[in-house]
Amino acid sequence: MKTDDASDSSVATKVIAIDNGGGLLKAGLVDSEHEEGALLYPEIVIPNAVARARRGGKAGKNKVLVGKEIMACPEYTMTRPSHKGIVIDWETQKILWDGVLHGGRRHLTGLLPKGSDLSDVTVIVSQPLFCPVMVTRVGMQVLFEDFGFARAVFVDSPLCLQFSESITSQFGEDEWKNPCGLIVDAGFSGCRAVPVMRASIRYNTYPLERCAQRMDVGGRVMTNCLKEAIAYNKVDLDDAPLLVEHIRENMCYSAQDFVAEVEASRACPGETTRRYILPDHSSTSNHLGRVVDPRLEEDVSGRDSIDMNHERMVVCEALWQPGSIGILQAGLAEMAARAVMKAPVATRSA
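Going by the working numbering, the first residue of the sequence shown is number 1, and it counts up by one from there.
Don't read these hints as lab results, they were simulated from the structure. Source: prediction; values computed, not measured. C-beta: ideal position from N, C-alpha, C; glycine also.
Listed below are the simulated PhoX-like cross-link pairs for lysine-lysine, each with C-alpha atoms no more than 20 Å apart in a straight line:
| hint | residue 1 | residue 2 |
| --- | --- | --- |
| 1 | 94 | 114 |
| 2 | 68 | 26 |
| 3 | 14 | 114 |
| 4 | 26 | 94 |
| 5 | 26 | 14 |
| 6 | 114 | 68 |
| 7 | 94 | 84 |
| 8 | 94 | 63 |
| 9 | 84 | 26 |
| 10 | 94 | 68 |
| 11 | 26 | 114 |
The following label-pair restraints were derived from C-beta to C-beta distances:
| hint | residue 1 | residue 2 | range |
| --- | --- | --- | --- |
| 12 | 112 | 340 | 39 to 45 Å |
| 13 | 64 | 235 | 24 to 30 Å |
| 14 | 171 | 109 | 31 to 37 Å |
All chains should be modelled from the sequences, with the hints used to inform the complete structure.
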């Protein structure tokens, strides 16, 4: 098996970046002509999951569905290749990587033409902090032997944030003089806080891994909470988890004063209630649904919809108070504070 640091006379001319998250799979070609090789926005963003339809139809009951094909199916059984951000099903992960690289599907165009030779391509793949070495080794084997990449490297996902131009462009040169920082990565499988220090100007940064903190509440947990809340009062969406994710991302928010806003929502429900129109799968125009404001008095007769009031903020409160849903862990703010307090004393006030 090749290694990522093996000497090779060939020089990789293309670089592909893959953010292999627990919820979303993002990929794009890095602009080699940019002075810092920036990739501002991914070219492909799909759910990091495959599915099979629960009943027959256009998709077929046994066909593997990827990306937008899943959303076009009203009921499906979904499988994710990772658990808590760590890949445990490499065969499923290979199907998804092949889709973003070569396409070949109705709703998914790959980064490269189908059948392209990857022997001159370098790939950068994100992985969770403290990923087991054996998982990384298997990933290397897949990238080199199954896909044939010239070079490959796995990078801890929280540390990739410091190289994102969409983030670094928000800071002036004076602000970069501070050598200490804290990276908070709120993801699908959980949240992590990692203190970092910079040895020189701007980019030579290294993490204080022994100070890292993690909590198990993330997008997956909040989506499950919302699914139960919707099923209790309204409609069962157990067979459409990606639709529930879309509802959460577009309807839910974190309240600045949770108690006050919940009381206000109960006192004046008309001011805080929002309506989500469920998708009509008999039409191919939109498989995600949309949010409407009930105050606009839009005619939605004949359409299935969900009205949400205080649930919009209750779901996200689990991020700050995991104990409210039975998870005995520190919330996001306390997790970040613990990471800072574990750092050397000399770096805390910086």
